[in-house]
Amino acid sequence: MKKIILMLAFAAMLFAVKAQEKPTTGDYYNGLTRPLTFDRMIPPYALEVTFNKTVHLIFPSTIRYVDLGSSDLLAAKADGAENVLRVKAAIRNFSQESNLAVITEDGAYYTFNVKYANEPGKLSVEMADFIHDGEAVNRPNNSLDIYLKELGQESPLLVRLIMKSVYKNDKREIKHIGSKRFGIQYTLKGLYAHNGLLYFHTQLKNTSHVPFSVDYITFKIVDRKVAKRTAIQEQVIYPLRAYNNVQEIGGKTTERTVFTLPKFTIPDDKHLLVELHEKQGGRHQSFFVENADLVRAKVINELKVK
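The numbering used here puts the first residue of the sequence shown at 448, with every later residue one more than the last.
Calculated from the structure, these hints are not laboratory results. These numbers were taken from a predicted model, which means no experiment stands behind them. Some hints here could point you the wrong way.
[To be verified] Cβ-Cβ distance ranges computed for the label pairs, FRET-style:
id, residue 1, residue 2, range
1, Gly527, Asp670, 24 to 34 Å
2, Gly527, Asn560, 27 to 37 Å
3, Ser660, Tyr614, 14 to 24 Å
4, Ser571, Glu620, 34 to 44 Å
5, Asp716, Glu597, 25 to 35 Å
6, Asn748, Ala525, 32 to 42 Å
Glycine included, each C-beta is placed from N, C-alpha and C at the ideal position.
Please model the entire structure based on the sequences and the hints provided.
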């Protein structure tokens, strides 16, 4: 019996050795994979960098992600600017081509093949906005938007298009929500909904001759009535995007902004408080939005978005 067990163990060992000696092609799927064709490729831009000068790439939206192909490159966002990327060579005369990838807040993806040049032909490059260029000019047919976590299942590009469309149409759908004092009028012109997101169209009108500087704007759900000696409970709703978020409104001037917020509802004993605070001033404005206003938000037909 022991001899039989030893023979079986020896045979298993030989089988294992033979299996290890079998040459491998590196194809774990035994030829069942299909190659990536050129129509699946996002064509990269050609970019030249050098050691003594900095190349600046200006994007149409905030930079969210940067990846460098090798340590031969250095890249960082410009100080005080969220949409400008500084790129230069980390060493002189690197010989191998590298690459660079960038994702922006509007869901666009950019890729570059980077080479060293003693004198780059372009030191300041403005990356054209896909919305204005047209798909046939600089996007492959298979190009997809990058989806960002805070926007859920909504395309960042579509969010921007919706905000732009609401701003451009400039319709006054709501006439009863707003505040007016000290020569400043802050109103809610429209409330829209699409695919799990809410769009607030606000207007700030300065009828005085004194410019109004925006310090901050808050959206928070608060109690309708607060009893004495009772702690105030607040739930802050943070805007995800803002279109035409102007910080300075001159005298005798009107400006509008479209805010994108995550969808929410308001309990019966609470309402949404929207507050606008003036920087180094006291002309603060505020208004309330009820749950009944939210449920009446106009649904956006994305097919009509321009």
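Q: Tell me, in ascending order, the numbers of any earlier hints that this structure violates.
A: The structure breaks only hint 1.
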